[in-house]
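Chains as they are written, first to last, in our numbering: chain A, 1 to 229; chain B, 1001 to 1061; chain C, 2001 to 2248.
It is worth saying that the hints were derived from the structure and are not from the lab. Please read these numbers as outputs of a predicted model, since none were measured by experiment. One or more of the hints may lead you astray.
Distance windows between CB atoms, simulated [stated by the list, open to error]:
hint, chain 1, residue 1, chain 2, residue 2, range
1, C, I2157, A, R23, 36 to 42 Å
2, A, L18, C, I2157, 30 to 36 Å
3, B, V1049, C, W2027, 22 to 28 Å
4, C, S2010, A, L90, 50 to 56 Å
5, A, E127, C, V2187, 54 to 60 Å
6, A, L41, C, I2157, 28 to 34 Å
7, A, A78, C, W2103, 49 to 55 Å
8, B, T1008, A, L41, 24 to 30 Å
9, A, Q132, C, N2110, 31 to 37 Å
Sample of chain C residues with no beta-carbon within 10 Å of chain B, all distances over it, derived [said to hold, decoys possible]:
hint, residue
10, K2004
11, W2098
12, P2129
13, F2206
14, E2207
15, A2214
So the derived list for chain A, only partly shown, Cβ under 8 Å to chain C, looks like this [unchecked claim]:
hint, residue
16, L46
17, L158
18, L171
19, P179
20, L181
21, F220
22, L222
Just so it is clear, CB atoms sit at the ideal spot from N, CA and C, and this is done for glycine as well.
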Amino acid sequence: MTRPRSAAVVVALLRAQLRLELRTFESLPAMCLFSVTAFLLFHFGLDVDSLSGNLASGVLWVTLLLAALLAINRVYVADAEQGGFDAFVLSPAERSTLLLAKILVLLIYLVVVELVAVPAFAILLLEPSLWQAMPSMLGAIVLGDLGIAVIGALVGALAVRTQARDLLGPLVSLPLLVPVLLGVARWTAPLFDASRAGAVALRWPLVLALYDAIFGLIAFSLFDFLLED
Amino acid sequence: MAPLPLHTAGPYVAAAYIAFFLIVLIYVAIMATKLTRNERTLSELTEQVKRRQRAGDDNGR
Amino acid sequence: MYGKGLRPLSLITAAAVALTLAAALFWAPNDAYLGFLQKIFYVHVPLAILTLCGFVAAGLMAVAHLRTRDPRWDMRSYVAIHISLIFGVAVLITGSIWARGAWGHWWVWNDPTLVSFLLVMLLYATYQPLRFAIEDPERQARYASVFAITAGAFVPINFAIVRLAPAYVHPRTLSNISGNLPGRMQVVFYLALFAVTLLWITLWRFEMTAKHVAAQLRQLQNLVGEASDEAPARRSAAPSLTHAGSVS
């Protein structure tokens, strides 16, 4: 059997996962609903009508991070339970294509959720207007989502074939995601500042990009070892 | 911040060093428990082997 | 044989630790700024350095395990993480005591070392539950190695990143003043670092020996045909050394 081209494999895996999601709606509605509910929780918990600056940035990104945990758990479950891993390992495709496919899936999920959650946040809780901040926000969203997707795809694969997968996934991911949270929250905090006083420090995009790159490399080097049996 | 005088700082320094020692000693104590358990298992095994050897000798005679 | 040379090593370690204690308490001068409280630093900072190096070393041992598939490397990695976790607990406790003495609170967020430490410890606290959740020993070792490498890479990166956060730009803290120490204090610090390094190595060899003995004992039990009534095949988070015939 000839070895299929990696790009074709990734696309096929991606389409399979997205088709499954469109049919069963396991993850996306839950993530969106969770995000909006979380904003409500913050409103009641913090007893504030509007947020700006550091606090706004923190609330938004912690909520998105926790929503991402829902996806990280679900993204491999179908493979593990229906023998998808075995079928994939037996096929001649390169194993890292599965990792790339899962990273892309998580990225897509996160972007869809952000399309719902960020406007909801702007309407419900954010004090300054979001439009002027958008270009820089987009950069933060892209680099932040990439970090979450890379770490989520690696840890998800690690956790899904253990006996405590629902606990281990979040517990192992969260410390690894703290630098991503730090980078992205500190990046957008001056953007949410009512007085527009803060300028975006250059270090945070650099830190995020480096972190994403390093853990991307680590994930691709180690992924094969997780799929050996 | 002005440095704490000796009589207030002393207990903290002592507490820190004592905590360090206690942690190491607790570790040693746990390892000691495992060691004594292994020692007991080993002596039981030795008894087993001796009994079997004696039984084997009796049968062979 | 892991136990060879353990006794002289322990004796040298004990001597180094005793010498460090004496030097720290009686020979080193009091810090002009922080006073007597600064002496906590001789035990807190070396423990912190050893914990972090230990985690990174465990990651390197895990790399060796994945390359050679020798279960002994997995055991070495497991023990390294275990000892480093214990040292890490000591770091958090001594750091907390220092925070209470210096700032009046049992925890402060303005010391980047302590904060990074808490994060690293929370990550490595998941190592044993992860191992325990996988029954097949070969897969357990493999997955644990993947974790140890990822976490080992995370340790230095996390330290650098936490220091970048705005709150830590000008901290007047324990970790900040370790850079420029005057004469005697520097000598005592390096002595302390040497003693704690020896302590880490001694405890590591000690636990490796204990685990090796336990594995040989289990092998003996199986040979004699005993194992049935006592503790039948309990799930274990620790590597076993008895599979793949690696117990010499």
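Ascending list of hint numbers which this structure does not respect: 3, 8, 11, 13, 14, 15, 16, 20 and 21
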